[in-house]
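Undergrad: Note that the protein sequences, when read in sequence, are chains A and B. The opening position of the first sequence corresponds to residue 16 in the numbering used here, with each subsequent residue numbered one higher. The opening position of the second sequence corresponds to residue 359 in the numbering used here, with each subsequent residue numbered one higher.
These are computed hints drawn from the structure, not numbers from a lab. Backbone N, C-alpha and C define an ideal beta-carbon position, used for all residues, glycine too. One thing to keep in mind: the hints can contain errors.
Claimed, not checked - Taking CB as the label site, the calculated pair distances span:
#1 Lys87(A) to His515(B): 26 to 36 Å
#2 Ile588(B) to Leu155(A): 18 to 28 Å
#3 Gly154(A) to Gly524(B): 31 to 41 Å
#4 Thr586(B) to Leu155(A): 15 to 25 Å
To be verified - Incomplete in silico selection of chain B near chain A, CB under 7 Å:
#5 Lys587
#6 Leu590
#7 Ala594
#8 Gln597
#9 Asp598
#10 Met601
#11 Glu603
#12 Ser604
#13 Leu605
#14 Gly606
#15 Tyr607
#16 Arg608
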Amino acid sequence: MSDAPLLALAGVHTHIGAYHILHGVDLDVPAGQTTLLLGRNGAGKTTTLRTIMGLWTASAGQVRFDGQDITKRATPEISQAGIAYVPESMGIFADLTVRENMVLAARGARDADAIDAERLRWIFELFPAMQKFWNHPAGLLSGGQKQMLAVSRAIVEPRKLILIDEPSKGLAPSIVRNMLSAFLQLKSAGATILLVEQNFAFARQLGDTVAVMDDGRIVHRGAMAALVEDEALQGRLLGLSLGAHQ
Amino acid sequence: MSTQSQAAAQRPAGTAERPAAATRSRTPRAADVDRLPWLLVPLLALLALPLVGSLPSWVTLTVAGLAMGMIIFIIASGLTLIFGLMDVLNFGHGVFIALGAFVAVSVLGPMGALTGSASMAANLVAVGAAMLAAMAVAGAIGYVFERLIVRPVYGQHLKQILITMGGMIIGEELIKVVWGPEQIPLPLPQGLRGAYIVGDAAIEKYRVIAVVVGLAVFVAMLFVLNRTKIGLLIRAGVQDREMVESLGYRIRRLFVGVFVAGSALAGLGGVMWGLYQQNVIPQMGAQVNILIFIVIIIGGLGSAGGCFVGALLVGLMANYTGFLAPKVALFSNILLMVAILLWRPQGLYPVAKR
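Extracted from the complex, chain A is given alone in its bound form (with noise of 0.2 Å):
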């Protein structure tokens, strides 16, 4: 194994508009781990996150992703370097059929005959509800079933690296419980996942190292077994804002 990260954001500042929201991140997402990145409202996370896709560029700083320098890419060309993103909003299509969804998310594919028979069971073994609803508009899903969707679209081709923003925002216990096991077995097939999360309860299930984001940098890393063990670094670092969630 090579000791490089996969993705490693180096003294990353963002600016949106007139603010400046990520004040030199400083990243590494070891391949075939699950990083966390945990962090009060407001922190960054997301800015983290969409800095990496290109959503929006950085002004300072670099990411560097499977060796090359992504920091001034277009958002397609990163999604074609091998990075899947599922947003805090899902990107759902509502008015597409759940089947559309993945047609889309397959870009080798023409339609659905097109797509990886294999890989598509894998997904509806994972999420059952994704074949219960294949040909049922997405707008149609519940919040649940909308978020295994954004998630089997980020997995329906092989992707070097997966980002996913707070997956069980919003989401009912029992489905939380169900969205875990699915990242669990998608974790021990060997993807490398980058998670933002609140819920510090389904974040150290999933986590092998852990990144703290305040105020637009990383105030913590290391491993999340560490912080589990630690209570006082969590009450420290969390606080309130995830303690709320556990």
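Add chain B to chain A, keeping to what the hints say.
TA: Below, chain B alone, put in the same frame as chain A:
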């Protein structure tokens, strides 16, 4: 683990049959289409029947309304997709209508042998050539228009309105430079004049042709939008272009393609509108602009199906009120728009935006 091997590891081993659901090919949402707006078209026609009083007159007016609606649809369909896909308010769309009509004047002029023939087939060859030329010229100018005028003002609605209206004024002036400022007659070819007599009703031949061409464009558009990946990308881009880019597609290229196709369709509509009016003037685009904006607002900005229904309603309303109360006809379509927006404030088929 190398990135290649860990990417491959994201997939379980073993072979599997394709799930039955994945191979189904029924029309998406066939059972879930909101048909209520479509019913407005026959409803409006049936409401007009007792008001018109005479069945033959009603048939004539209905066919005229449908023909006008089809032409407006051809013109407006590109505009609604342009707005839906990139939030671009193109007030210059009308210039492509005028351009198409004037190109038809130039193409049909030297084809006197074909247009003067009583054979409808010969006439259609001439009109078809004029349509193709108009679409090619309008599409090419549309490409330049997008590059020079629209591209610098993405995301800035006020500037879009100002600069595209300016573009239309410049376009009109350039048309005057090439073809002159005067109204030019664009007579229907010989074989397309006159009417079919069905019972006591007279149905003009050209209106039937307009309905057929309009339906052909609509069916082709539905095919592209619903049965091809490009169409899927357009429909997705109308809803959430950022997500389409995040999936790895270059939506700017797609937008240029839609802009060129929309301009070409406006050129085609210009030929048909010119033949419908049997004359062309450089300002004709600005005159039709109001109607097409009413249509795309009624239909729901970004919706091709809504645009089709909206265009038919506007065409029928204009013809019925023109017959029943000519003074009301001047603002009947505004009343129609107000009524529909009171019922559905986002238009007949609101596009689910992110």
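Undergrad: Which hints, by number, does the structure contradict?
TA: none
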